[in-house]
Amino acid sequence: MGGPGHRGEERYTPKLLRLRRLHDNLYEAELITEQGERLRLQVIVNNDIVETPFGRYHLSSIGLVETEPTSTSSSAESWLVEFNTHTGELRAKLSMKIVEISKKPGERVKEGERIAVIETMKMLNDVHSPCNGEIIEITQPGQGLSPGGLLAKIKCEKKQE
Amino acid sequence: MTKHDGYSALLVRVLFTVPRRVLIAARGEIAIRVARAARELGWEPITIYEESDKPSPHVRAGVLSFPVKSYTDAYSIIDVAIKADADVIHPGYGFLSENPDFAEKVLDHGIGWAGPSPRSMRLLGDKNSAKGLAEKLGIPTLSWCEARSPEEARRCADRIGYPVILKASLAGGGRGSRVAYTPDEVEQSFKIIEMEAKLGFGKPGVIFVEKFIKHARHIEVQILGDGAGTVLHLFERECSLQRRRQKILEEAPSPFVERVEKIHRLREELTKYAIALGEAVDYSSAGTVEFVVDQQGRPYLIEVNTRLQVEHGVTEEVTGVDIVKQQLLVAAGYPLPISQQDIKLHGWAIEARIYAEDPANGFRASEGVLRRYIEPRGPGIRVDSAAEEGMPINTKYDTLIAKIIARGFSRNEAISKLRWALRETLIAGVETNLDLLRVIVDQPWFADAEYDTRIIENRLNELVNEVKRRRSIVKTIAAQIPASTTAPRLDSYNSDSSSIVMNHGYGWPWPPWRRTLHS
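Residue numbers (numbering that gives the first Met the number 0), protein chains in the order written: chain G, 0 to 160; chain A, 0 to 518.
Treat the hints with care, since some could be wrong.
[Said to hold, decoys possible] Here are the computed lysine to any residue pairs in the SDA-like style, where the Cα-Cα straight-line distance is at most 25 Å:
| # | chain 1 | residue 1 | chain 2 | residue 2 |
| --- | --- | --- | --- | --- |
| 1 | G | Lys-96 | A | Lys-210 |
| 2 | G | Lys-14 | G | Leu-25 |
| 3 | A | Lys-197 | G | Arg-113 |
| 4 | A | Lys-190 | G | Lys-14 |
| 5 | A | Lys-395 | G | Leu-25 |
| 6 | A | Lys-126 | A | Ile-81 |
| 7 | G | Lys-96 | G | Thr-119 |
| 8 | A | Lys-395 | G | Lys-14 |
Keep in mind that the hints were calculated from the coordinates and are not lab data.
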């Protein structure tokens, strides 16, 4: 359920065939999509804004300017919680309430295994472990968390690859 | 002599009397919208704020703004209204707008209420009593029953016939409803809704099982009453395009009503029902009577919203009636300055709601700081918004950023105006549904108005993929454009982190590359 959007992110990889500067910051590009569709379009770049036939885009919305530093690893619930790979802390990104915990401190977890059920915006959501490891700390059911609040601390095993 | 003389005469009367004061018990774009109507009448708008919301632009829309404990704290709001010597309280939408107890308290303090009477709110605001009243008046409703256990829900569904929809009685705004096609699904859905209701409201309440209409269209009638027996209608709006049962694109008039009008006088039927309901309770102020209409064009009443609605703007655009101003006048004791004959449909209007939310992640509300915000402009474009650059978007409040309303001579013209307005809009710093809206207005089924209340859900993958495809194309090009030698804009908030620095002035309406997209 969590983030089908996150996986397919790089599925579209059009290839740029030609880029021509027509005038000042006006460019014409020719691309080929992976479906073999050839496109020719003109864009204007104005500082942080790209004007395209689809509309205006900000560089941050197409991933060319990072909006936030990312020392975090993505989990399925990256819109909900943030996992810091260095400290092992799983923190709330939104206000939420813990409904149920599936793991206790000291218990082992597998990557993707449910560790808690939380409620935010009156909806229930599962939170899964971002790695294989051991639960060090986990918030009690019934407790509310504001953005930045600690939901759990997990000691991750090093990946053997 | 024109028929609008009555209106002008009333406006003259209003403008040359002592200015009245309106306390706006709302925040965000609607508070700004109401403040404008008050100022146009020569009245003084007063706004309120929660301490943490003090920088919000609506605070500056009033001649005065007072802190309150919370936007839902009746006592502190009435206290402020008395301190400010307000003649009228306008509740906007949300918060206390549909709370009859609050309306009663306001009226008890001798302050006008820009909404229907508490009695009308009780009779129509409660879904059950509204349906009961509708049945008495011969208005069709959907068959339904109440359930307190999964077994009861199953028996109930067996009686009504499948598919059914289960809803929590206390839920609003699209929360806590599920469609079930089989008895097992009914029991499962009951358990989930009960759990969600417990979490959201602290108690499960009653769960309703109702007949589910396939390919339903959501069509609603705007009404206006003076509380003395006169109820007018301002035609219909169609709000079938929804996500998570919440509206994102609305239009007036309804393309479905227009289409079936030749064979079936649906508009007449809908407006007749809406007025009958309004007249039955001596409705005053603005209200909306909501129907679902099945594929054959049969309407069923679903509920009455006893307040101003988010999408009131499209009706204002096609009728030319300022609904908020009518509410203020009626609340201050003036008669309605217009009659049914004055209300005509002119052209077509479509509204797109831009929310801070992520369509690729189940439409979860997103937070952040609005780092860049550019509104569209041009003929036929109206933007109702309370957004500005630097503003934090907090999920504590409604995450509506802007309502873009396009008005054209025909539906096709309204669509092209909306399409270009959405392309001109720019929002950065927070994920929004803007790109999704751009894709939706480009769809052939949108152009043909071949949609129903589930279409966005059903086609979500396809729509989100198109959003991603477009972004990937833009990204591929933008990533290859070399940095220019021109100096970065001084006020560019992140000129250091951007590798692309170019300067090129372009003027409204749009840069010269329209003949571009070839395939």
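Against the structure, the hints:
For the hint pairing G:Lys-96 with A:Lys-210, the CA-to-CA distance comes to about 33 Å; that exceeds 25 Å, so the pair is violated. Our distance criterion of 25 Å between C-alpha atoms is met by G:Lys-14 and G:Leu-25, whose separation comes to about 20 Å. Proximity of A:Lys-197 to G:Arg-113 is assessed by CA-CA distance (about 22 Å); at most 25 Å being required, the pair is judged to hold. For the suggested pair A:Lys-190 and G:Lys-14, the alpha carbons sit about 49 Å apart, so the restraint of at most 25 Å is broken.
For a cut-off of 25 Å, the pair hint linking A:Lys-395 to G:Leu-25 is broken: about 41 Å separates their Cα positions. Our distance criterion of 25 Å between C-alpha atoms is broken by A:Lys-126 and A:Ile-81, whose separation comes to about 33 Å. Distance hint between G:Lys-96 and G:Thr-119 is fulfilled; the C-alpha atoms sit about 7 Å from each other, no more than 25 Å. Pair hint A:Lys-395 plus G:Lys-14 does not hold up; C-alpha atoms about 42 Å apart against a cutoff of 25 Å.
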